[in-house]
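Enquirer: This is what each chain is made of:
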Amino acid sequence: MSNFIIQTSNLHHVYPGNVHAIKGISLAIEAGTKVAIIGENGSGKTTLVKHFNGLLKPTEGVVKVKEYDTRMHEVAFLARYVGYVFQNPSDQIFSARVLSEVEFGPKNLGYPASKVDELVEYALELTKLTKYKDIHPYELLYAQRRLLCIASIIAMDPEVIILDEPTGGLDYKNLQLLEHIIHELTVQGKTLIVISHDIDFVAEFADRVIVLHDGKVLIDGEPHDVLKNSDKLKITGVRPPQITRVALRTIKYGIDARTLTPAELYSQVKKNLNK
Amino acid sequence: MSGNIIEVSNLRVRYRGRRKYALDDLSFNVKRGEFLAITGPNGAGKTTLAYSLNGIVPHLVSADCDGSVVVEGLDTKEASVSELSLKIGLVFQNPKSQLSGAALTVFEEVAFGPQNMGLPKEEILKRTQEAIDIVGLNGLEDRSPFHLSGGQTQRLAIASVLAMRPSIIVLDEVTSQLDPVGTFEVIKTIYDLHKKHGLTILFISNKSELIAAIAERVLVINEGKLVYDDTPYNVYSNTEELKEIGLIPIPIAEFASLLKREASIEIDRTPITDDDGVALIKQLLGVENE
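Chains as they are written, first to last, in this note's numbering: chain X, 146 to 420; chain B, -2 to 287.
Please keep in mind that the hints were generated in silico from the structure rather than gathered at the bench.
Mixed in with the good hints there might be a few duds.
Stated by the list, open to error - With the Cβ distance kept under 10 Å, some of the chain X side facing chain B (calculated, not the full set):
#1 I183
#2 S188
#3 Y317
#4 L320
#5 T381
#6 G382
#7 R390
#8 V391
#9 T395
#10 I400
#11 P407
#12 L410
Even for Gly, the Cβ is constructed at its ideal location relative to N, Cα and C.
Construct all of the structure, not just a fragment, from the sequences and the given hints.
Expert: So this is what it looks like as structure tokens:
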């Protein structure tokens, strides 16, 4: 039995008006991994992930969530397995109270009351929203509304969570909280798929980076290998993280091009200092 | 008239029904033609400051205000929002929400402001085309505003403000919803407005690396108070203090901070750009300059 939770084979998607958004993507995502999908607008990122929970169906090819072919199943059924957090909180939030917003999903899935309570408590705790549970979502700061959207999906306990641009407008503390949430969820065995333009964030959290360009996979691999390809990335408008850019310019002094984060650069330099 | 184009003195703003001040005793001046970045964590008061500069606070959003804000010689308490809008233009985070909704084309959208100013037709056409050219949307004049990319929509929002011929533009998180291509387009446009057209720019953002690359001066606001007002180098060298406040550190400055914390290596000047980083590594590894 394979450990792949999402698989696409020769996926094509053509929107009305003959817009060919996905042009033959075959990939398999292993359960429990943290995957980043990057690429410029129009490269097909959102179209691709909307196939992962059945919001879109393939024009050609097959998408499987676990053993389920998405063409044979409703979004409502697939929502048990794959949760999707939208980029803009106003596209998702509709309740007048934080608590009811988070309760809606698990109740709707028909979970027993005790399980709903347990999941809601866990989701609010993890996103640090417990103390705001009785207020109106619009009294929350923008960053907290984004966390509320994540909490609503966590409470549905899906095996896969998709986050669309989760870091936009988050400050350092909320960014760290987001990284903590993602870490906790993977410890629980969840699979995280994140669409992001935030290359520093991608460098910190991902264990696999898929770069899309023009509806196809341009590069797919471990972040250290992917993000040092400055020439190939340039096609998509993406620059490697600052630390990698500096590393690429100091290779001849013994710095490894596969350096992503400040901590990694520090250990590189330290190793060379001691020589 | 040279000197200060904006003078903010002891500004305090408290929204009705709130206990805490959104802005608390803020004072700073902006010189004509400056490129100033304003940064701070979520909820610091950055957007309230933007609203206070063109009179949205207190004229349209009710709040208790003390102190004074003077923009191009106009006291914002006395001047109307429409009067102030001719001096200072605001552009916001979400490009789509800034469209008038009434215009069918890019040209009409940009012409909306000058039309409402009651200018003669030739002047409206002239200003509209000029603004479109400056942001580089020429060729797209007849396109629907709803059929543009994120970067194009944001440049359209900038053009709509430019057509009013303000001397100051305030940009509030204008790149936070854009992809790298769109961000580059918008930053290049803003840079040109500053360099080529001499506009005073107030760039509100929490992208530290971007700010360090483009701004001449940085204000850091936390809980409504001004905590730093200095050059990017002097501000971003306070890596640990900024993280404590909630600002995202510049990666290469964070690296320098690690050297200091973990290996007690003191650095004369905190690196903030790629060039600084390369120079520092060469220095650390004892590489001679070739």
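Enquirer: Honestly, which of those hints from before does the structure not fit?
Expert: none
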